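Undergrad: Following the hints, position chain B against chain A.
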Amino acid sequence: VDGVLLKDKFNPNFENKGTLHLTATHLIFINPTANQEIWVSYSHVATVEKQQITIKGSPLKIVCKNFRVLNFVMYNERDCQDVYVSIQNLTKPEKYEDLHAFTYEPIGSRQPRSEGWNIFDFETEIARLQVPNDIWRKTDINKGYKLCPTYPEVLYVPSTATEEILTGSASFRSRARLPVLTYYYKYNKAALCRSSQPLTGMRGRSVDDEQLLQAIIQSNPNSPVMYIVDTRPKINAMANKAAGKGYENLDNYPNVLYRFRGIQNIHVMRESLQKLWEVLENPTINASDFFDSLDSSGWLKHIRSVIDTSRFIALAMVEDKASVLCHCSDGWDRTAQTCALASLFLDPFYRTIKGYQILIEKDWLAFGHKFNNRCGLLRGESREVSPVFTQFIDCTWQIMQQIPFAFEFNENFLLDIHDHVYSCQFGNFLGNCEQDRKKESLSKRTYSLWSYMSGQWLKYLNPYYDERYNSDRRGMIIPSLSPQNI
Amino acid sequence: RLLYTPVKMEFMDIIKTPQLENVTLKVLGSRKSISGTLCLTSHQLIFFNKVNKKDEIWLFISNIDLIERKIYDSTALISIKCKDFRNVQLLISDIPKATDAFESIDKLMKISNEDPGKHHAFYYNPSFEITESGWKSFHLESEYTKLIAGSHDFHVINANKGFKICSSYPELCLVPASINERILSRSAAFRYLGRFPIISYIYHPKKSVLMRSSQPLSGPHDYRCKEDVKLMSAAVFDRKRCYIVDTRSANYAANAKSKGGGIEPSCHYPQWRRIHRIIENYNSLKDSLTKLVEATSDFDCSSSTWLSRVSSSNWLNHIRSVLSTAYFVVSYLCDEGATVLVHGNDGMDATLQITSLAQIMINHDCRTIRGFQALIEREWLLAGHPFSSRCSKICNTQDNAVSPVFLLFLDCVWQIQQQNPCWFEFNE
Chain A
5 VDGVLLKDKF NPNFENKGTL HLTATHLIFI NPTANQEIWV SYSHVATVEK
55 QQITIKGSPL KIVCKNFRVL NFVMYNERDC QDVYVSIQNL TKPEKYEDLH
105 AFTYEPIGSR QPRSEGWNIF DFETEIARLQ VPNDIWRKTD INKGYKLCPT
155 YPEVLYVPST ATEEILTGSA SFRSRARLPV LTYYYKYNKA ALCRSSQPLT
205 GMRGRSVDDE QLLQAIIQSN PNSPVMYIVD TRPKINAMAN KAAGKGYENL
255 DNYPNVLYRF RGIQNIHVMR ESLQKLWEVL ENPTINASDF FDSLDSSGWL
305 KHIRSVIDTS RFIALAMVED KASVLCHCSD GWDRTAQTCA LASLFLDPFY
355 RTIKGYQILI EKDWLAFGHK FNNRCGLLRG ESREVSPVFT QFIDCTWQIM
405 QQIPFAFEFN ENFLLDIHDH VYSCQFGNFL GNCEQDRKKE SLSKRTYSLW
455 SYMSGQWLKY LNPYYDERYN SDRRGMIIPS LSPQNI
Chain B
172 RLLYTPVKME FMDIIKTPQL ENVTLKVLGS RKSISGTLCL TSHQLIFFNK
222 VNKKDEIWLF ISNIDLIERK IYDSTALISI KCKDFRNVQL LISDIPKATD
272 AFESIDKLMK ISNEDPGKHH AFYYNPSFEI TESGWKSFHL ESEYTKLIAG
322 SHDFHVINAN KGFKICSSYP ELCLVPASIN ERILSRSAAF RYLGRFPIIS
372 YIYHPKKSVL MRSSQPLSGP HDYRCKEDVK LMSAAVFDRK RCYIVDTRSA
422 NYAANAKSKG GGIEPSCHYP QWRRIHRIIE NYNSLKDSLT KLVEATSDFD
472 CSSSTWLSRV SSSNWLNHIR SVLSTAYFVV SYLCDEGATV LVHGNDGMDA
522 TLQITSLAQI MINHDCRTIR GFQALIEREW LLAGHPFSSR CSKICNTQDN
572 AVSPVFLLFL DCVWQIQQQN PCWFEFNE
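Taken in order, these protein sequences are the chains called A and B.
Each residue of the first sequence is one higher than the last, beginning at 5 in this note's numbering.
Each residue of the second sequence is one higher than the last, beginning at 172 in this note's numbering.
Where hints are given, some of them may not hold.
[To be verified] Pairwise CB distance ranges, derived in the manner of DEER restraints:
hint, chain 1, residue 1, chain 2, residue 2, range
1, A, R72, B, Q260, 43 to 51 Å
2, B, Q590, A, A38, 18 to 26 Å
3, B, G508, A, F409, 43 to 51 Å
4, A, F409, B, F299, 23 to 31 Å
5, A, K60, B, N598, 48 to 56 Å
6, B, Q590, A, E53, 26 to 34 Å
7, B, K401, A, R72, 32 to 40 Å
8, B, E312, A, N70, 46 to 54 Å
9, B, D324, A, L26, 50 to 58 Å
10, B, N571, A, M242, 52 to 60 Å
[Stated by the list, open to error] When the alpha-carbon atoms are kept at most 25 Å apart in a straight line, the in silico SDA-like pairs for lysine to any residue are as follows:
hint, chain 1, residue 1, chain 2, residue 2
11, A, K463, B, K254
12, B, K203, A, S484
13, B, K268, B, A292
These are computed hints drawn from the structure, not numbers from a lab.
What you are looking at is a predicted structure, and each value in this text was computed from that prediction instead of being measured.
Idealized CB from N, CA, C, for every residue including glycine.
Bound conformation, chain A alone (with noise of 0.2 Å):
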């Protein structure tokens, strides 16, 4: 479509005018006196609608996930309608076949298609952590995630829990999601494991899941207790009691601290994203309205939170020298931000460029962070929706913002991380778990973002790193919570 206006959001005045293109993949805005192209992956389109016409012709507003907002004006309504039916309908696939990944090809490189879908292995990591191989074991229970589907297929327990243990333990957990290994603290032997909510409710108790936390206990001989970490407010964990699921009775789990941490559900932080969106979208706002707004919408209060609990997690390691399990309702939204977020703080090696990459894969990807649903990749139920890898990235940012000299990587190694899990350029995020994953043979048939990020190495590195910051705390780094440094 010729002769398509592009809005500036901070100056209605500048006249930019282009040609829309639509292709398979991507739309792209094309200025030539401008010199100036944008492209949008139809992935990123989070909505189109189409506005009331005006004298100016027919708006046309694209709102994107990664928070771009394009404002078009046509001046025929026909071609309007035509953009807007094809749009929403380019942006919706069904299966994942339809997404770009597919069809991607790097200009220039020769890479192969296998190249960086191999940098994490989950034995390597528990060698890395120098986990005790006659303390923990590794169980191949999973294989052809026969036991949990959503979890990896090798996963790492204690040595004394049987396969009768394990099996017990996953039938007493919501989605079969049992307690396994996720990170080590080698300095204390403290180990963090995660889990989904007990089945409480419907079950009452299983002599198998205790028996499996008591051996997790037994396995640090630096302390009596471990704790319990989990991440709802007590009432949700309470009225999930009534639906069945619920809370440990600590009546059955002696030496287990229990702590609640608040952090709200995904419909919560999907409002609040959405609130905050409105704040940061309107330019004409007032200084006092922006910050009641900003306050209102609930997000910085949210990202607190979940370091917060981060930071409990971490601080009882340390200084408790106790093991935590940690869970929330299914074990794979909090639990990946809380389990990732503590071990960020723990361990210098995951705030480096292919730690952190490595972070992801383990707590996210092997664990069963469900992508596809929470970034509503292919066409599916909104309320499945959430932004709880956002929240993850912007926590990471705020440490950062704190403790610059601990990370190696900067702000646009995160911001190219968040911007590929919604283009759905690359094969790693699509799919709701490894075994997905593995079923579509994504390692074959798309590309790696790891791969194509080394590429690119020195526009991700950060300027004031320094490998032995707080050498003298074994790498150690505790945020601060202050809200003036959020």
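TA: Chain B in isolation, oriented as in the chain A frame:
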């Protein structure tokens, strides 16, 4: 290691206790307290720990905004608020010595108020190697030559020799070519504090000029000064549009008029269109900053409280109004090609913020390190911003002449940097 020659004789009497042992120091915001020795010299407070070399803190006495002393049962607490917003607390168990130290510091703080010659700048011995004399780095004449860029429509005259026409302007003035000393002298007599319209910047592509001044002394009877009119018209080329940007509200200006100052009456200045772009008077900035600093020192408040305190401090609103006015001036100069005169009452505060920010937006040279330094020389130091009065303290004072006008300007530059980080040669 000492940056000063040892305590001068005139300060010896004031410092009763040059050294105190067993002092505990806490910097507000950090979690740890350090114990060590406190040293008092003629111009500095030095705190060090003999064991741990890293825990050393140096504080210039002239950097202290407020010092307070509280005595508990067996300890004295001296709290020091610095002008760079650091907040330091000293716990001293030897109460008489603490009292001596407090009184000495208090006297040392006041010394340079009474005798400017005792300011630490006169005693400073730099530890770095001097590769160029900063006093000779920026010649006003070459700066003006750069601005004129070879055009024959402007010239530099030594009209203000001996500062006899205007005590707060430089001796050399950049004015349109048709203007001579006599015109300037008459115009100065018609302007508050003698601050006649002087050229800040020339936008050559559109032949538009940015000028600044103080308010005209037209008074309630609309007095006319034909030289002032001539001076202003000389900067308007090709019969283009011209604007007067008044940083006061229409009411405030009317009030000033009744007291002998006021606005350029349109009957005498028919070409000129006046726009009021209200920038709050410098008096309110100090309170605004005080509120903001208070908000930042409460680490335990909730995020809602923090945001509402930031909001009610109004600091960001000040930034916004200054930046938007500067932007308007830039669009008049560059888009419309109109000549602009900016003034308020004195033309010493908001006016300078506007003209310097406008130049930063238009002229890429001002975004280089040397160019920015030159800008400060031209638009702040030589333009007569009363640094001594405005910056003698930062917040903790009743003195109404104190105001963080320059700090606001720096914050505005920082804001532009945040939005356009690749535009600037210098960093934070």
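Undergrad: State for each hint whether it applies.
TA: Hint check:
1. A:R72 to B:Q260: 43 to 51 Å: holds, 48 Å
2. B:Q590 to A:A38: 18 to 26 Å: holds, 20 Å
3. B:G508 to A:F409: 43 to 51 Å: For G508 of chain B and F409 of chain A the Cβ distance comes to about 49 Å; the hint holds.
4. A:F409 to B:F299: 23 to 31 Å: holds, 25 Å
5. A:K60 to B:N598: 48 to 56 Å: violated, 42 Å
6. B:Q590 to A:E53: 26 to 34 Å: At roughly 27 Å between Cβ atoms, E53 of chain A and Q590 of chain B fall inside 26 to 34 Å, so the hint holds.
7. B:K401 to A:R72: 32 to 40 Å: Cβ of K401 of chain B to Cβ of R72 of chain A: about 53 Å, so the range 32 to 40 Å is violated.
8. B:E312 to A:N70: 46 to 54 Å: Once the Cβ atoms are compared, 52 Å apart, the range 46 to 54 Å for N70 of chain A and E312 of chain B holds.
9. B:D324 to A:L26: 50 to 58 Å: For L26 of chain A against D324 of chain B, whose Cβ atoms are near 53 Å apart, the range 50 to 58 Å holds.
10. B:N571 to A:M242: 52 to 60 Å: Holds - the Cβ-Cβ distance for N571 of chain B and M242 of chain A, about 59 Å, lies within 52 to 60 Å.
11. A:K463 to B:K254: violated, 38 Å
12. B:K203 to A:S484: Given pair K203 of chain B, S484 of chain A holds - Cα atoms ~14 Å apart, limit 25 Å.
13. B:K268 to B:A292: violated, 28 Å
In this structure, the earlier hints numbered 5, 7, 11, 13 are contradicted, and the remaining ones agree with it.
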